Amino acid sequence: MQKAKVRKISTETFTSMLPKERKDQLCDSLGDVDLTLLYKASVHGYKASAFHQRCDHQGPTILVAYNRSGYIFGGYTSVDYTQSGREIKDDEAFLFSFHGGNSSFIKVNSGYNARYDDSGAPNFGHQLYFCYNNQSCVLYKGETSSFNINTSSVYGNDTQLVECEVYKVEQDPQVSVEEKPWRKVLWTAERKAELMGLIRSHKPLISSASRVRILMIGPVGAGKSSFFNSINSIFTGHVTSKAMSGSAGTSLTVQFRTYPINDGREGKPLPFVLCDTMGLEEQSGAGLDIEDISSILQGHIPDRYKFNPAAPFQPDEQKSSRPASLQEKIHCVVYVIDATKISLMSEKLEEKLSAIRRKVNSLGAGGELSVGCAGVLCFTGEELQSGARAGAQL
1 MQKAKVRKIS
11 TETFTSMLPK
21 ERKDQLCDSL
31 GDVDLTLLYK
41 ASVHGYKASA
51 FHQRCDHQGP
61 TILVAYNRSG
71 YIFGGYTSVD
81 YTQSGREIKD
91 DEAFLFSFHG
101 GNSSFIKVNS
111 GYNARYDDSG
121 APNFGHQLYF
131 CYNNQSCVLY
141 KGETSSFNIN
151 TSSVYGNDTQ
161 LVECEVYKVE
171 QDPQVSVEEK
181 PWRKVLWTAE
191 RKAELMGLIR
201 SHKPLISSAS
211 RVRILMIGPV
221 GAGKSSFFNS
231 INSIFTGHVT
241 SKAMSGSAGT
251 SLTVQFRTYP
261 INDGREGKPL
271 PFVLCDTMGL
281 EEQSGAGLDI
291 EDISSILQGH
301 IPDRYKFNPA
311 APFQPDEQKS
321 SRPASLQEKI
331 HCVVYVIDAT
341 KISLMSEKLE
351 EKLSAIRRKV
361 NSLGAGGELS
371 VGCAGVLCFT
381 GEELQSGARA
391 GAQL
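Position 140 (the sequence shown) corresponds to 140 in full-length UniProt numbering; numbering is contiguous.
Just so you know, these hints were derived from the structure itself, not from any lab. Fair warning: there could be bad hints in the mix.
In silico SDA-like pairs for lysine to any residue, Cα to Cα no more than 25 Å straight-line [unchecked claim]:
| no. | residue 1 | residue 2 |
| --- | --- | --- |
| 1 | LYS348 | SER241 |
| 2 | LYS359 | LYS168 |
| 3 | LYS20 | GLY59 |
| 4 | LYS107 | GLY45 |
| 5 | LYS89 | GLN53 |
| 6 | LYS329 | PRO271 |
| 7 | LYS268 | GLU347 |
| 8 | LYS107 | LEU198 |
| 9 | LYS359 | SER294 |
| 10 | LYS89 | SER42 |
| 11 | LYS89 | ARG54 |
| 12 | LYS47 | LEU37 |
| 13 | LYS20 | VAL169 |
| 14 | LYS242 | LEU205 |
| 15 | LYS329 | ILE199 |
| 16 | LYS141 | LEU205 |
| 17 | LYS203 | TYR129 |
| 18 | LYS359 | LYS268 |
| 19 | LYS242 | ASP158 |
| 20 | LYS23 | ARG86 |
| 21 | LYS20 | SER49 |
| 22 | LYS107 | SER42 |
| 23 | LYS329 | THR188 |
| 24 | LYS168 | TYR129 |
| 25 | LYS168 | GLU281 |
| 26 | LYS168 | LYS329 |
| 27 | LYS359 | SER346 |
| 28 | LYS168 | LEU37 |
| 29 | LYS203 | GLY221 |
| 30 | LYS242 | SER208 |
| 31 | LYS40 | GLY100 |
| 32 | LYS40 | SER210 |
| 33 | LYS168 | GLN255 |
| 34 | LYS359 | LYS242 |
| 35 | LYS268 | SER346 |
| 36 | LYS40 | TYR112 |
If you're wondering where the values come from, they're calculated on a predicted model, not measured in any experiment.
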């Protein structure tokens, strides 16, 4: 069967009767969408043929009707109008009604058809017919139970229409792909247990390194220490705060710390070590020095070494003659960035991060990006579960 082509409509413009407040409500119910007016009965006529000429093969659409009593009501379907003569299943379909300060949305009942796709007037569930019999009226038949309709609350039992419009529903062009989740994450207890099991059983490919050493780098207040505390809490089984964390104008972490993590309160060490550092600051002579990062990567800086922003680490001459073992070096670098401050990051700090990345790459350590404080940006659990979004450019 040949695929139906999308019908191109003329570029003439019409004035929408839909108030901005109501349009925003409809767009909010559908997500990040834009509405394009396809059909206006007062311009194109109330005949079914006029409706289909402009609305067939247009993808998702929303029909908006207006009556003399001030009701704004209609329905949404995500399935094309094609005059196929078939019943249409559409779990996303719904009816809506606005009147005064009241608004209501009625989802299609599970297992029922959303509409009948024929050459006649647009209808929802063989119940609500718009522009019925090519006239400016709405008709309720109640032949099925697809929607739980109370005609008094939906349109005040006023069947006379003063206007009927149909809008094409499209993804808002202002919403870029980068703003969408770049992957779907399975958030279940089973998946969590599976991932924790993979971490427990991980073995480095090179036998001379029994555990992976992971260095955390990021601006002051990005949440490096909190990131460690979260990981430690997950495997310990209760909330811990082994690393000092909080909010201050300068870095709370002033030492280089290596944190082994045990599997449970009395469990054996896991095959990785998290290494915490002083936070980065944009001014020179403040925060972690880039030369100190180089020394850390090469395994020269010992645990609990106290950083001095004014003077980088100077290795002991006797000890520096012995090259660091692979187990003492850093194998992976994690850049921890505060999601609420990415857009506010200064140019100087960006330049410092870029310089660090070049240094890390030159020494062969892998890099990952961790975005902290993502929950602050998310207002619902669903948004938080979508959390992995395009990151900052380093």
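Here's how the hints hold up against the structure:
1. Simply put, LYS348 and SER241 have alpha-carbon atoms about 31 Å apart, too far for the 25 Å limit, and the pair is violated.
2. Of the supplied pair hints, the one linking LYS359 and LYS168 is violated, its CA atoms being roughly 51 Å apart against a limit of 25 Å.
3. Taken as a hint, the LYS20 and GLY59 pair is honoured in the structure, with Cα atoms around 23 Å apart against an allowance of 25 Å.
4. The suggested pairing of LYS107 with GLY45 is violated, with an alpha-carbon distance near 29 Å, which exceeds 25 Å.
5. For the hint linking LYS89 to GLN53, the alpha-carbon distance of about 22 Å falls within 25 Å, and the restraint holds.
6. A hinted pair counts as satisfied when its Cα atoms are at most 25 Å apart, and LYS329 with PRO271 qualifies at roughly 15 Å.
7. Between the alpha carbons of LYS268 and GLU347 the distance comes to roughly 44 Å, so the proposed pair goes past 25 Å and is violated.
8. Under the criterion of a C-alpha separation no larger than 25 Å, the hint pairing LYS107 with LEU198 is inconsistent with the structure, at around 42 Å.
9. Straight-line distance between C-alpha atoms of LYS359 and SER294 comes to about 7 Å, which keeps the hinted pair within the 25 Å bound.
10. Between the alpha carbons of LYS89 and SER42 the distance comes to roughly 30 Å, so the proposed pair goes past 25 Å and is violated.
11. Only pairs whose Cα atoms come within 25 Å are accepted, and LYS89 paired with ARG54 is accepted, the gap being roughly 22 Å.
12. A threshold of 25 Å between alpha carbons decides the hint, and for LYS47 with LEU37 the separation of about 17 Å falls inside it, so the pair holds.
13. As the CA atoms of LYS20 and VAL169 are separated by approximately 16 Å, the hinted pair is consistent with the 25 Å bound.
14. A hinted pair counts as satisfied when its Cα atoms are at most 25 Å apart, and LYS242 with LEU205 does not qualify at roughly 30 Å.
15. Between LYS329 and ILE199 the alpha-carbon distance is near 20 Å, which keeps this suggested pair within the 25 Å criterion.
16. Between LYS141 and LEU205, the direct Cα distance comes to roughly 71 Å. Violation of the 25 Å bound is thereby established for this hinted pair.
17. In summary, the hint linking LYS203 to TYR129 is not supported, as the alpha carbons are separated by about 65 Å, beyond the 25 Å threshold.
18. In summary, the hint linking LYS359 to LYS268 is not supported, as the alpha carbons are separated by about 34 Å, beyond the 25 Å threshold.
19. Between the alpha carbons of LYS242 and ASP158 the distance comes to roughly 67 Å, so the proposed pair goes past 25 Å and is violated.
20. Under the criterion of a C-alpha separation no larger than 25 Å, the hint pairing LYS23 with ARG86 is inconsistent with the structure, at around 30 Å.
21. Annotation: proposed proximity of LYS20 to SER49 is violated, straight-line Cα distance about 29 Å (limit 25 Å).
22. For the proposed pair LYS107 and SER42, the alpha carbon gap of about 28 Å is over 25 Å, so the pair is violated.
23. With a C-alpha separation of about 35 Å, the suggested pair LYS329 and THR188 falls outside the 25 Å cut-off, and the hint is violated.
24. The straight-line distance between the Cα atoms of LYS168 and TYR129 is roughly 19 Å, inside the 25 Å bound, and the hint therefore holds.
25. Note on LYS168 and GLU281: the hinted pairing is violated, with a Cα-Cα distance of about 49 Å set against a maximum of 25 Å.
26. Our distance criterion of 25 Å between C-alpha atoms is broken by LYS168 and LYS329, whose separation comes to about 58 Å.
27. At roughly 20 Å between alpha-carbon atoms, LYS359 and SER346 fall within 25 Å of each other, so this suggested pair holds.
28. With a C-alpha separation of about 6 Å, the suggested pairing of LYS168 with LEU37 holds against the 25 Å cut-off.
29. Between LYS203 and GLY221, the direct Cα distance comes to roughly 32 Å. Violation of the 25 Å bound is thereby established for this hinted pair.
30. For a cut-off of 25 Å, the pair hint linking LYS242 to SER208 is broken: about 28 Å separates their Cα positions.
31. The suggested pairing of LYS40 with GLY100 holds, with an alpha-carbon distance near 23 Å, which does not exceed 25 Å.
32. Distance check on the hinted pair: LYS40 and SER210 sit about 71 Å apart at the alpha-carbon level, beyond 25 Å; violated.
33. Simply put, LYS168 and GLN255 have alpha-carbon atoms about 59 Å apart, too far for the 25 Å limit, and the pair is violated.
34. Restraint check: the Cα-Cα separation between LYS359 and LYS242 comes to about 29 Å, which exceeds 25 Å; the hinted pair is violated.
35. Annotation: proposed proximity of LYS268 to SER346 is violated, straight-line Cα distance about 42 Å (limit 25 Å).
36. A hinted pair counts as satisfied when its Cα atoms are at most 25 Å apart, and LYS40 with TYR112 does not qualify at roughly 29 Å.
Taken one by one, the earlier hints fail for this structure at numbers 1, 2, 4, 7, 8, 10, 14, 16, 17, 18, 19, 20, 21, 22, 23, 25, 26, 29, 30, 32, 33, 34, 35 and 36, listed in ascending order.
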